[in-house]
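Undergrad: Sequence:
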Amino acid sequence: MMAHMLAVLLLAVVAVHSAPRCDINLDADCNEVYNISQASGVYPIYPFLTPVQVYCDMNTDGGKWTVIQRRIDGSLNFYRRWNQYKVGFGNPEGEYWLGLENIHLLTKRRKYELRVDMEDFEGNSVFAMYSSFYLDSEADGYKLHVTGFTNGGAGDSLAYHSGSMFSTFDKDQDTWSDNCAATYYGAFWYGSCHHANINGEYLWGTTKHFATSVNWNHWKGYHYSLKGVSMKIRPVP
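According to mature numbering (1 follows the signal peptide of the UniProt record, and there is no 0), the sequence shown holds residues -18 to -1, 1 to 219 in order.
Calculated directly from the structure, the hints in this document are not laboratory data. Careful, some of the hints might be misleading.
[Stated by the list, open to error] Pairs of lysine-lysine, DSS-like flavour, derived with a Cα cap of 27 angstroms: (1) LYS153 - LYS68; (2) LYS90 - LYS153; (3) LYS68 - LYS125; (4) LYS125 - LYS90; (5) LYS90 - LYS68; (6) LYS125 - LYS153; (7) LYS125 - LYS93; (8) LYS93 - LYS68.
For clarity, every value in this text was computed on a predicted model and none was experimentally measured.
All chains should be modelled from the sequences, with the hints used to inform the complete structure.
TA: Okay, here's the thing in structure tokens:
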């Protein structure tokens, strides 16, 4: 009888020590992915409990960037409804939007910096840096907060949008009497209306259309659609 009881206790101890641990470290962003892999590419991250596929830029300015938006070739339609901008869409290997809720969850728990990289059709590349970037919750319209601009040749077309809520054509939260998203074929933190429209209609360079395409006004103006643009964030040490 005693031998049987000892055997049961031994099995119980083994079971406890072999049970799956629930404190496994899940990579919250590309900064944490960098501790495992320094190669740029697509990785799963955990803004909360559910994995999300993102593109990690491990090369630009020291790497560790989580890409939250990317336009490269016009293959993906960015003129979409609110619910799609909330959860995200596209393919992180190409063009995509990470999702407002995911961006909010990432930026609410620690301080992030933002880098916006841009390229034109003539082969020129510039960027804009911001030392602080975060989004409020959906209840507050995913309001944008961005400060601390550093010029990498692009000029500052984003500060105007700080303090604005996000708008899509079917959820107008701008301060204009009309609908900025519907008028300028985009989705963004519109005020009345924009200095940047990087989720706008993808055209090819100089265009007759005013302010409806992939614009960054302080670099190329409202009559030029950029070839490429990406928004990427990284924790501030």
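Undergrad: For LYS125 and LYS153, compute the direct alpha-carbon distance and say whether it is at most 27 angstroms.
TA: holds (14 angstroms)
Undergrad: Just to be careful, I want the Cα atoms of LYS93 and LYS68 compared with a cutoff of 27 angstroms; is the pair within it?
TA: holds (21 angstroms)
Undergrad: Between LYS90 and LYS68, does the CA-CA distance stay at or below 27 angstroms?
TA: holds (16 angstroms)
Undergrad: For the pair supplied as a hint, LYS153 and LYS68, is the alpha-carbon distance within the 27 angstroms limit?
TA: Given that 27 angstroms is the threshold and the Cα spacing comes to 11 angstroms, the pair holds.
Undergrad: Tell me if the straight-line CA distance from LYS125 to LYS93 falls inside 27 angstroms.
TA: holds (16 angstroms)
Undergrad: Take the C-alpha atoms of LYS90 and LYS153, compute the straight-line distance between them, and say whether it is at most 27 angstroms.
TA: Holds, because 23 angstroms separates the two Cα atoms, which is no more than 27 angstroms.
Undergrad: CA of LYS68 to CA of LYS125, is that 27 angstroms or under?
TA: holds (13 angstroms)
Undergrad: Tell me if the straight-line CA distance from LYS125 to LYS90 falls inside 27 angstroms.
TA: holds (12 angstroms)
Comparing the model with each earlier hint shows no violations; every hint is respected.
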